[in-house]
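Peer 1: Chain by chain, the residues:
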Amino acid sequence: MAKIEFRNVVKRFGDVEVIPDMNLVIEDGEFVALLGPSGCGKSTSLFMLAGIYLPSGGELLFDGHVVNEVEARDRNVGIVFQSYALYPHMSVRDNILFPLRFKKTPRDEALARVKAAADLVRVEELLDRRPSELSGGQQQRVALARALVKEPKLLLLDEPLSNLDASLRLSMRTEIKSLHAQLGVTTVLVTHDQIEATTMADRIICMRAGRIEQVGTPDDLYLKPSSLFVASFIGSPPINLIAGEADGGTVSVNDVRFPVDGASGSVTVGLRPEHLRFSNTGFAGRIAQIEPMGREILYVVETGMGAVRVLEQGSAAGHSTGEEVRIGFQPENSLVFATKGQKLIAGAHVRAPI
Amino acid sequence: MAAQAIPMVSTASEQAVDWDALAARARVARRTKAVVLYAFLIAVSLPIILPYFWLVTIAFSAKTGVADTAVLWRSMAVVIPAVVAFWLTAALAQSRRQLWIGLAAVAAIAVVAFALLVGPDLHLGNFIFLWEPDFASVVRSRIGEVKGAVQFPNVWHAFGNSILIAGAQTTIVVTVASLAAYYLSRFQFPGRSSMLRSLLVLHAFPVLTLIVPMFLMLYWIGLLDTLSGVIIVLVAFELPFAIFIMKGFFDAVPWDIEMSALTDGASRRQAFVSVVLPQVRNGILAIAVFTFIRGWEEYIFVFTFLIRNSNWTMSLYMYWVRDDVMGVDYGVVSAVGVFYLVPSLILYMAAQRYLMQMSIGGVKG
Ligand SMILES: Nc1ncnc2c1ncn2[C@@H]1O[C@H](COP(=O)(O)OP(=O)(O)OP(=O)(O)O)[C@@H](O)[C@H]1O
Ligand SMILES: [Mg+2]
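Quick mapping for you: the protein sequence lines, in order, are chains A and B.
Note that this note's numbering has the first sequence beginning at 1, numbered continuously upward.
Note that this note's numbering has the second sequence beginning at 1, numbered continuously upward.
Incorrect hints may appear among the rest.
[What the hints assert, rightly or not] Incomplete in silico selection of chain B near chain A, CB under 10 Å: (1) T89; (2) Q94; (3) S95; (4) Q98; (5) R186; (6) D256; (7) S260; (8) A266; (9) I284.
Simulated from the structure, these hints should not be mistaken for lab results.
By construction, the Cβ of each residue, glycine as well, lies at the ideal position given by its N, Cα and C atoms.
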């Protein structure tokens, strides 16, 4: 178990600065998610933790010790790669045994630990197969077992679920979470899927182009996104973003006005689809599309400000395409961002969705 | 690309499609294709098989001083129908089982016919060189010539020299090419792409053009007329292409596997040996087989750089046998040829399973 700290960490590849300045503390035993779009430097950060990449600047600390120059093999870090990176020429047993080969673990003890790790992720019956004879989900579990068998201080998961189908992803999500609860190992999950991050992690680190945009619990990021980027990244279906004008406590969007605390100038108003309701007042529009999603229905409404998504409860559509509607909302549910700088400036007193 | 919608024109009197005629036409086309293919295979395989077949037949049947071609014609009468029957069976067999039964039948008939027509003429006398180092004098004395025979070294000595040259060359090329290709595949360094390009260019030059400078260099460093000199030259010429091939194989091994091994506690060397090398096994096998055979059949360099007859390789031995005994007994020459051929053949047969599934990884700079 370890407490991890990034202090002004920089990573450059040649002239390209992939991570300009990273500061972050991960507490002992915590489960955090590194969330961000493709190419934002998530894997790079992870590989620096694993000791595969050397930071170009700053300090990386494990339990208060600088580990910048400590070699990968001496860090005792377990990692599951996006491709699983199982050794194709070895049986599952030898794959899981591999990390113990270099620790001079006695043969009997090593085999017992392999067995225990395999039991933990339920691949006991697969020990004699080759990786090519396993399904994606099974390969993923073997990779997990291999990462866990050496009892690592730190577990790194690089998009571990991205190659699985939807239902398997759901069950592996629960499984990884309960594994973490069981073992208490500090875990960093890399993902570009916000649902994965919000469902699994204690804290989410939202990254954009090598910089940390916001760090917080899933609720923090959902309710108080510090920037437009975070607001639009978290939440499904995505938040509606509408241009407006603020003037001393009042925001006007087209002909709709509502009060907010202390905003002024040109703003972008964020409204989550689940906070919008069809009503008698509000934005006028016409239903362009209806997407039933099971328990809820997503309406895409064409308005003067572009397409607006409205999420309504109930499984049967109460409206039809082409219908003229008005969309209402509670002002305290709105998030107001300054158009310049894209930071949250008002709407801090929004409530949790019902 | 601009895709253009083709307007569907529907005419009132649409022509009825004659499906039977279309099917018949496709059937004819398919049959023609098969006939042409198998005719081609027969035409190509006969000229390839025949010389080797003759070589073996002569080696086992020719007698000193007798120029008898009748046995060759009789053996051809067995081989040509056998080859044709082989391809016909392959073409006509409906299932795997039929194919095997058919091929076995063809082989059995061919063997019986061969035993009847050629069998009585077969003998091992031409392999005299295996146990009689001074076989040239023996062979000559049979037709009354008693002087002027070349002093041949023991054939096993030449055989050993060839094995030594080919083996040492293979070991060095495989080791150096694997390490160099791994480095080229994994590490960025200034001049990497120009190095890759020069590897290919190096291979493009006809090596014969360098024979005089090579001779002088070997002379000055004192390696002329030594096996190590020849080995060094062969290694130098074989390496660039082997490195290039191996780089393709290493490029196809994902980085993740290596990184994973490093975090699993392996050093770079351990990761290379236990995780990367097994992935490129087929590549190593391929360059090993080709390099060995290249060294085994080497002729020009050994002819130029080796002088003493204790340094002769099999190719030189073969050359001098041909030079000395050909007019007297071409059976012995053929027998030496067969003896020279056997190791290559064994090597190919042992490795062909791997060579067949070899796919050269994408080559990129
Ligand atoms: N070895 C490298 N050399 C040069 N640039 C690199 C290298 N590795 C990564 N990069 C660049 O660094 C940036 C971040 O890469 P990284 O792999 O960390 O992204 P990521 O957030 O993991 O994305 P993804 O979700 O697609 O995996 C990318 O723009 C990438 O092009
Ligand atoms: Mg990545």
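Peer 1: So, for every hint listed, does it hold in this structure?
Peer 2: How the hints compare with the structure:
Violation of the interface hint for B/T89 is found here, the shortest Cβ-Cβ separation to chain A being roughly 36 Å, above the 10 Å cut-off. The restraint placing B/Q94 at the interface with chain A is violated, with a minimum CB-CB distance near 33 Å, outside the 10 Å limit. A least Cβ separation of about 29 Å between B/S95 and chain A goes past the 10 Å threshold, and the interface hint is therefore violated. Checking B/Q98 against chain A by beta carbon gives a least distance of about 33 Å; that is not within 10 Å, so the hint is violated.
Evaluation of the B/R186 hint against chain A yields a violated restraint, the C-beta minimum of about 13 Å exceeding 10 Å. For B/D256, the suggested interface contact is upheld, since its CB lies about 4 Å from the closest CB of chain A, less than 10 Å. This hint holds: B/S260 has a C-beta 4 Å from the nearest C-beta of chain A, less than the 10 Å allowed. A hinted interface residue such as B/A266 counts as satisfied when its beta carbon comes closer than 10 Å to some beta carbon of chain A; here the least separation is about 6 Å, so the hint holds.
A hinted interface residue such as B/I284 counts as satisfied when its beta carbon comes closer than 10 Å to some beta carbon of chain A; here the least separation is about 13 Å, so the hint is violated.
The earlier numbered hints that this structure contradicts are 1, 2, 3, 4, 5, 9.
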